[in-house]
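S.K.: Each chain, written out:
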Amino acid sequence: MKRVSCFAIVLLMAASAAFASLSVHTFTFKYKDANKAADMIKPLLSSEGSMSIQPSANALVVTDRAENLKAITKALTEFDVAPQAFRVFVRLIAAGRAKEGPRVPEEDKDIAPKLGMLGFNSLDDLGSADVSGREGDPGIVTLPTGYRADFKFGDFDPASDSLKVTDLRLSKQQGDQLTQLLKTTLNLRIGETYIVGATKNAQSPRALMIVLVARR
Amino acid sequence: MIQCETFRANVQSRDADVLEHLRKCDACLDYAVSVDPDNFFRAIGGEELVPPGGIDAFASDVMSQIRVRQAEAPGARRFLVAPRRLAAAAAIIVAIGGGWLGYERATQTVAPPVIQAVHKQPLATKPVVETYQSQNATIVEMPSQGGSDANVVMIFDDSLPADL
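Protein chains in written order, with our numbering: chain B, 1 to 216; chain C, 1 to 164.
Extracted from the complex, chain B is given alone in its bound form (with noise of 0.2 angstroms):
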């Protein structure tokens, strides 16, 4: 009778402790889509975990362990938040490579160090501009050099304070066509400058420089 309870007993502890170690949350999501948010979530998981999408509610059922729980309960309170407001800067330079010496305009002398590290020494500045949005807002810049950029403004990334530019289609007007050029999507970090140059190849006397800053 003793050997009975006691192992009644042991039976009890086990079975409430496995079914302690798990826990059930359901995510609904006002703002953003839980197919996005499930992407997200999928390195945050155990390998004890699981989730299902409900798209009909547009939330996510999650059920892991507890401390794996509060950190994705962190993740997604962050990522589900209203559309932001940014700004993206951007400008477009012609860069070439000079065998007479370098030639900078006034205007790009701040990043003509590192062009002149490519090997770029001659600039041509094609214009610029700054535009504003809210996340998943198109954004849309005409230089009146010709060159168009057409982009959306993706979601913000908490994780690694960063934009999204989705979809930056860089056009150039030849005639009455506008011809595209390249087509990228890019990752910001806020406030931090980047040149994302284009060319044939790394021996082209001609690159296509895009300076991109995305601002809150």
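Don't read these hints as lab results, they were simulated from the structure. Fair warning: this is a prediction, and the values are worked out from it, not measured in the lab. Glycine is no exception: its CB is placed at the ideal position from the N, C-alpha and C atoms. Worth double-checking, as some hints may not be accurate.
Claimed, not checked - To spell it out: a stretch of chain B is covered by chain C in this simulated footprint if at least three of its residues, at any positions, have a beta carbon under 8 angstroms from a beta carbon of chain C; those stretches are:
hint, stretch
1, 161-169
2, 183-193
3, 205-214
Unchecked claim - Calculated lysine-lysine pairs in the DSS-like style (CA-CA distance at most 27 angstroms, straight line):
hint, chain 1, residue 1, chain 2, residue 2
4, C, K24, B, K30
5, C, K126, B, K36
6, C, K24, B, K74
7, B, K200, C, K126
8, C, K126, B, K32
Following the hints, complete the assembly by docking chain C onto the known chain B.
M.R.: Just chain C, lined up with the frame of chain B:
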């Protein structure tokens, strides 16, 4: 004061003269202590050592203490029998408590988001170029050295026009 011979002849006496001689003559004190050690106490004015209330009262007090302690011992032994029961009770309490905690966690609803103090943590690093139109392009990222230093990303793509 009496003579030393007189004192030694009446060394067991409690007469005032004898005691006075005992206190003043060191040679006779030595003699008296050799005859009876109690004489030393008499020399310093002491009497026979008797506990307060008498020897009988002292002895009965000691015996009553012994009986009280003997009476207490069986009770203490009874407490020593209990550990098994205590362990079983503790196990049951732990099991019930654990089950209840698990049930509470499983059934609790989503807590409202709590705004916590933001601790400065190292930021996650993401590639600058997340996607690019061409799979054949070579993308080289040169991260900044911090501060106002710019991040440089070069895209080498043969499909780009020469007159960018």
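S.K.: Given that the stretch 205-214 of chain B was listed as covered by chain C, double-check it with a C-beta distance under 8 angstroms for 3 or more residues.
M.R.: Held - the stretch 205-214 of chain B has 4 residues with a Cβ nearer than 8 angstroms to chain C, which meets the minimum of three.
S.K.: Quick check: the stretch 161-169 of chain B, covered by chain C? Criterion 3+ residues, Cβ under 8 angstroms.
M.R.: holds (count 3)
S.K.: Just to be careful, I want the Cα atoms of K200 of chain B and K126 of chain C compared with a cutoff of 27 angstroms; is the pair within it?
M.R.: holds (25 angstroms)
S.K.: With a cut-off of 27 angstroms on the C-alpha distance, tell me whether K126 of chain C and K32 of chain B pass.
M.R.: Holds, because 20 angstroms separates the two Cα atoms, which is no more than 27 angstroms.
S.K.: Report holds or violated for chain C covering the stretch 183-193 of chain B, Cβ cut-off 8 angstroms, minimum 3 residues.
M.R.: Per the Cβ count (9), the hint holds.
S.K.: Is it true that the CA of K24 of chain C sits at most 27 angstroms from the CA of K30 of chain B?
M.R.: Not satisfied, since the Cα-Cα distance of roughly 111 angstroms exceeds 27 angstroms.
S.K.: Would the hint linking K24 of chain C and K74 of chain B be met if the CA-CA limit is 27 angstroms?
M.R.: violated (97 angstroms)
S.K.: Is the straight-line distance between the alpha-carbon of K126 of chain C and that of K36 of chain B 27 angstroms or less?
M.R.: holds (16 angstroms)
Checked against the numbered hints given earlier, this structure breaks hints 4, 6; the rest are met.
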